[in-house]
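Participant: Going down the list, the sequences are from chains A and B. At position 166 of the first sequence the residue is numbered 166 (the numbering used here), and the sequence of numbers has no breaks. At position 54 of the second sequence the residue is numbered 54 (the numbering used here), and the sequence of numbers has no breaks.
If you are wondering where the hints come from, they were derived from the structure by calculation, not from laboratory data. For every residue, glycine included, the Cβ atom is placed at its ideal position computed from N, Cα and C. You may find that some hints are simply not true.
[Stated by the list, open to error] To give a feel for the contact side, a few chain B residues facing chain A, derived at Cβ under 10 Å: (1) L10; (2) R25; (3) N40; (4) L47; (5) E51; (6) N52.
In case you want the letters, here they are:
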Amino acid sequence: MNDNQLLRECLHGNTEKFKVIVEKYRGKSVALALNILGNRQDAEDACQEAFLQVYSHLNNFDFKRSFSNWLFSILYKRCLDQLRKRRRFFVFFKKSKAEYEESAGSPALSFSKQNPLPHKLLEKLSPKERISLCLWAVEGYTGNEISEVLRCSPSTARIHLYKARKKIKSLLEKEHV
Amino acid sequence: MFKCKFIDFLFSVLPIKRWQDFLVRRHLQNCTVCQRRLVNSEDARRLFVPENRIEDLEGIWPAIKLRQAKEKEEKLPAQRRRRWAFATAFLLVIVVSAVWLYLAIGPGKERPEQSSIEQFQINSIEIDNEPAQAFVYHPRDSKTYFVWVEKKT
C-alpha cells in the first residue's frame with residue numbers, strides 16, 4: 001500500500017492505517033526534528049504535534065503532492081514553535097535569574113544549554129538553513145523539494161541551501177586549522 | 001578568481017533572492033573554485049543524526065493515540081458548550097423580540113392615531129345653514145388638530 005492509499009483509508013476512519021503511516025515516518029521525522037532542535041524530548045513533542053495535525057487536516061491534503069513533503073513542512077512549523085517556546089523560556093529564565101541575583105546578592109542559579117545540536121557547527125545556521133542542508137544532505141532533496149517543505153520559492157530555498165553549505169564549509173575549514 | 005570575487009560581491013549586494021539564485025545557478029554551480037568553497041553532501045551528512053541512530057521510537061504512536069483521545073475529550077464538551085451557548089442566545093433573541101412585539105402591538109394597546117381618530121369625529125358641519133366641506137389636519141406627534149371648513153361650491 002502506498003502513502004496515498006493509506007491516507008485514503010485514514011480518511012474513511014481507519015486509524016490503524018494512520019498507525020502504519022506514523023511507523024513509516026517516525027524515524028525520519030524524529031531525526032529531522034532532532035537535527036533542527038537538538039533536543040530529543042522537544043523533537044518527539046514536535047513530531048507528535050505534527051502527526052496529530054496531519055491526522056486532523058487529512059481532508060486538506062492534496063493527493064497530487066508528496067505526503068512526506070507535506071509532513072515535513074508541518075513538522076518544520078512545529079519545530080519553529082518549539083524554538084519560539086525555548087526562546088521565551090530563555091528570556092524568562094534570564095529575567096528571573098537577574099531578579100534572584102539582585103535580591104540574594106550572589107549568583108546562585110546556573111543553566112547550561114542541555115542537549116546541544118548534534119554538531120555544534122549547526123548552531124551557526126538559521127533554522128531555515130539547517131533544514132535545507134539536512135534535507136539536501138540526508139534525504140537528497142532538490143531545491144524545488146526543499147521549497148515545498150519550507151513553503152517558499154525554489155530560488156529562496158536554493159539560496160538558503162547555498163548559504164548553509166558555504167557557512168559550514170568555512171566553519172569546517174576553521175575547525176581543521 | 002577575480003570573476004569569482006566579483007560574483008561573490010554581487011551576491012551579497014543583490015537584494016532579490018531570484019537574482020541571487022540566478023547567480024548561483026549560472027556561475028557558482030559551474031565554477032570549480034566556488035564549488036570548493038561549498039560543503040559536499042557527504043561532509044554535510046556527517047553533521048546530522050541519521051535516521052538509523054534514532055532509537056526507542058516505540059513510544060511515539062501510543063503518545064499520539066493518547067493525545068488524540070485527550071483532544072477528542074476536550075473537544076466534545078467544548079462543542080457541547082458552543083451548541084448550548086448558541087441555543088441560549090437564539091432563545092434569548094426570540095424572547096426579547098416577542099416581549100417587544102407584545103408591548104408594541106399586543107392586545108389592549110391601541111395605536112395612538114387610531115384612538116385620536118376615535119376621539120375626534122366630525123359628523124356634520126354647516127356654514128350659513130348649508131353643508132360644508134371639512135378638512136382635518138393633525139400634525140404628527142402633536143395633540144393639536146386643525147380643522148379647515150369650506151363652503152361646498
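Participant: Need the list of violated hint numbers for this structure, in ascending order.
Facilitator: Going through the list in order, the structure violates hint 1 alone and respects the others.
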